[in-house]
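Visitor: Take this note's numbering: the final residue in the sequence shown is number 258, and no numbers are missing along the way.
Keep in mind the hints are simulated off the structure, nothing from the lab.
There may be inaccurate statements among the hints.
[Stated by the list, open to error] With a cut-off of at most 27 angstroms between alpha-carbon atoms, the simulated DSS-like pairs for lysine-lysine come out as follows:
#1 70 to 101
#2 28 to 86
#3 67 to 94
#4 86 to 101
#5 174 to 131
#6 28 to 101
#7 94 to 131
#8 174 to 86
#9 174 to 70
#10 174 to 243
#11 86 to 70
#12 243 to 70
#13 70 to 131
#14 243 to 28
#15 67 to 101
#16 28 to 70
#17 94 to 28
#18 67 to 86
#19 70 to 94
#20 86 to 243
[What the hints assert, rightly or not] Derived DEER-like restraints, expressed as beta-carbon distance ranges:
#21 67 to 240: 34 to 40 angstroms
#22 66 to 168: 32 to 38 angstroms
#23 108 to 157: 50 to 56 angstroms
#24 187 to 91: 17 to 23 angstroms
#25 235 to 62: 18 to 24 angstroms
#26 63 to 28: 32 to 38 angstroms
#27 60 to 165: 19 to 25 angstroms
#28 133 to 216: 28 to 34 angstroms
#29 104 to 168: 44 to 50 angstroms
Quantities reported herein were computed from a predicted structural model and do not represent experimental measurements.
We put the CB at the ideal spot given by N, CA and C, even for glycine.
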Amino acid sequence: MAKQTGIIKLKGTIGGISFYKTSDGHLAREKGGVDKNRIQNDPAFQRTRENGSEFGRAGKGGKVLRNAIRVLLQNAKDKRVVSRLTKDLVAIVKTDTTNERGLRTIQDGDLSLLERFEFNLNGKLGATLFAVFTNAFDRVTGDATLNIAAFSPTLRIAAPAGTTHFKVVMGAAELDFANETSTFENDETAILPYAAADTAPIALTSTITANSTLPIVQVLGIEFYQEVNGQMYALKNGAYNALAVVTIDTP
Numbered sequence: 008m009a010k011q012t013g014i015i016k017l018k019g020t021i022g023g024i025s026f027y028k029t030s031d032g033h034l035a036r037e038k039g040g041v042d043k044n045r046i047q048n049d050p051a052f053q054r055t056r057e058n059g060s061e062f063g064r065a066g067k068g069g070k071v072l073r074n075a076i077r078v079l080l081q082n083a084k085d086k087r088v089v090s091r092l093t094k095d096l097v098a099i100v101k102t103d104t105t106n107e108r109g110l111r112t113i114q115d116g117d118l119s120l121l122e123r124f125e126f127n128l129n130g131k132l133g134a135t136l137f138a139v140f141t142n143a144f145d146r147v148t149g150d151a152t153l154n155i156a157a158f159s160p161t162l163r164i165a166a167p168a169g170t171t172h173f174k175v176v177m178g179a180a181e182l183d184f185a186n187e188t189s190t191f192e193n194d195e196t197a198i199l200p201y202a203a204a205d206t207a208p209i210a211l212t213s214t215i216t217a218n219s220t221l222p223i224v225q226v227l228g229i230e231f232y233q234e235v236n237g238q239m240y241a242l243k244n245g246a247y248n249a250l251a252v253v254t255i256d257t258p
């Protein structure tokens with residue numbers, strides 16, 4: 008893989024060299040690899056097909072989760088969240104001890120490995136919120152709860168420069184990886200002043216399907232704002248907002 012330099016950037020294929028743009032800039036590489044038909048049918052590539060099948064399953068699972076929490080994720084994500092999430096889900100697929108290689112699934116793997124996953128490495132929840140919180144999920148009622156005792160924002164939240172206000176958000180997603188569907192509910196505080204002496208106690212609740220037989224993921228996040236002339240603006244377009252998985256509950 009080579010990086011393109013110069014004023015004119017190329018896209019496409021010329022003389023067996025493919026030119027393309029990525030988040031890392033304009034790159035170029037030599038076209039090559041094994042014929043697709045051979046990979047799909049040659050017994051020598053059985054392991055390759057199995058790995059590809061499981062990677063594809065992990066990729067679809069990541070999309071199910073991202074779509075489920077989209078209302079919160081769109082405000083707190085980095086440019087590599089898709090690849091990072093897929094990598095973790097591939098690792099989860101490999102922990103499935105029920106199905107044969109190539110047929111292993113996310114739901115039969117150890118989903119607890121996804122706990123504490125950070126959706127935005129530019130603003131990690133673990134390096135942003137230092138107030139003690141308790142969270143729980145009641146599978147019988149479908150209630151996901153989050154509680155934080157009163158705290159001083161300037162002492163317990165590491166906010167980016169320019170912050171005048173913040174909001175705590177929480178959501179719970181019921182994930183059906185097999186059918187690629189989900190349900191999601193969320194709750195949030197009002198937009199709170201960052202310089203306040205103390206917040207009021209925070210209690211958030213999201214209710215999804217009672218007695219669900221599917222995996223549940225609970226996420227917690229913080230969004231930052233700057234007040235200008237009485238209007239609230241997302242600080243730096245949400246670049247430092249935090250969002251992370253805080254609970255994984257499986258049936």
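Visitor: Determine for every hint whether it applies to the structure shown.
Guide: Verification of the hints:
1. 70 to 101: Within the cut-off at roughly 18 angstroms; holds.
2. 28 to 86: holds, 14 angstroms
3. 67 to 94: Holds - the C-alpha atoms of residue 94 and residue 67 are around 12 angstroms apart, at most 27 angstroms.
4. 86 to 101: holds, 25 angstroms
5. 174 to 131: Between residue 174 and residue 131 the Cα gap is close to 15 angstroms, so the pair holds against 27 angstroms.
6. 28 to 101: Given that 27 angstroms is the threshold and the Cα spacing comes to 32 angstroms, the pair is violated.
7. 94 to 131: OK: residue 94 and residue 131 at ~18 angstroms, within 27 angstroms.
8. 174 to 86: The hint holds at about 23 angstroms.
9. 174 to 70: This hinted pair holds, its Cα atoms lying about 26 angstroms apart.
10. 174 to 243: This hinted pair holds, its Cα atoms lying about 15 angstroms apart.
11. 86 to 70: holds, 15 angstroms
12. 243 to 70: holds, 26 angstroms
13. 70 to 131: Within the cut-off at roughly 21 angstroms; holds.
14. 243 to 28: holds, 25 angstroms
15. 67 to 101: holds, 15 angstroms
16. 28 to 70: holds, 23 angstroms
17. 94 to 28: Within the cut-off at roughly 22 angstroms; holds.
18. 67 to 86: The given pair, whose Cα atoms are some 18 angstroms apart, holds under the 27 angstroms limit.
19. 70 to 94: holds, 13 angstroms
20. 86 to 243: holds, 15 angstroms
21. 67 to 240: 34 to 40 angstroms: Check passed, 36 angstroms falls within 34 to 40 angstroms.
22. 66 to 168: 32 to 38 angstroms: Between residue 66 and residue 168, where Cβ atoms are some 36 angstroms apart, the hint holds.
23. 108 to 157: 50 to 56 angstroms: Because 52 angstroms falls inside the window, the suggested range holds.
24. 187 to 91: 17 to 23 angstroms: Holds: the Cβ-Cβ distance is about 20 angstroms, inside 17 to 23 angstroms.
25. 235 to 62: 18 to 24 angstroms: Roughly 46 angstroms apart at Cβ, these two residues miss the hinted range, so it is violated.
26. 63 to 28: 32 to 38 angstroms: Hint violated: Cβ distance 24 angstroms, outside 32 to 38 angstroms.
27. 60 to 165: 19 to 25 angstroms: The hinted range 19 to 25 angstroms is violated for residue 60 and residue 165, with Cβ atoms some 42 angstroms apart.
28. 133 to 216: 28 to 34 angstroms: holds, 29 angstroms
29. 104 to 168: 44 to 50 angstroms: Hint holds: Cβ distance 48 angstroms, inside 44 to 50 angstroms.
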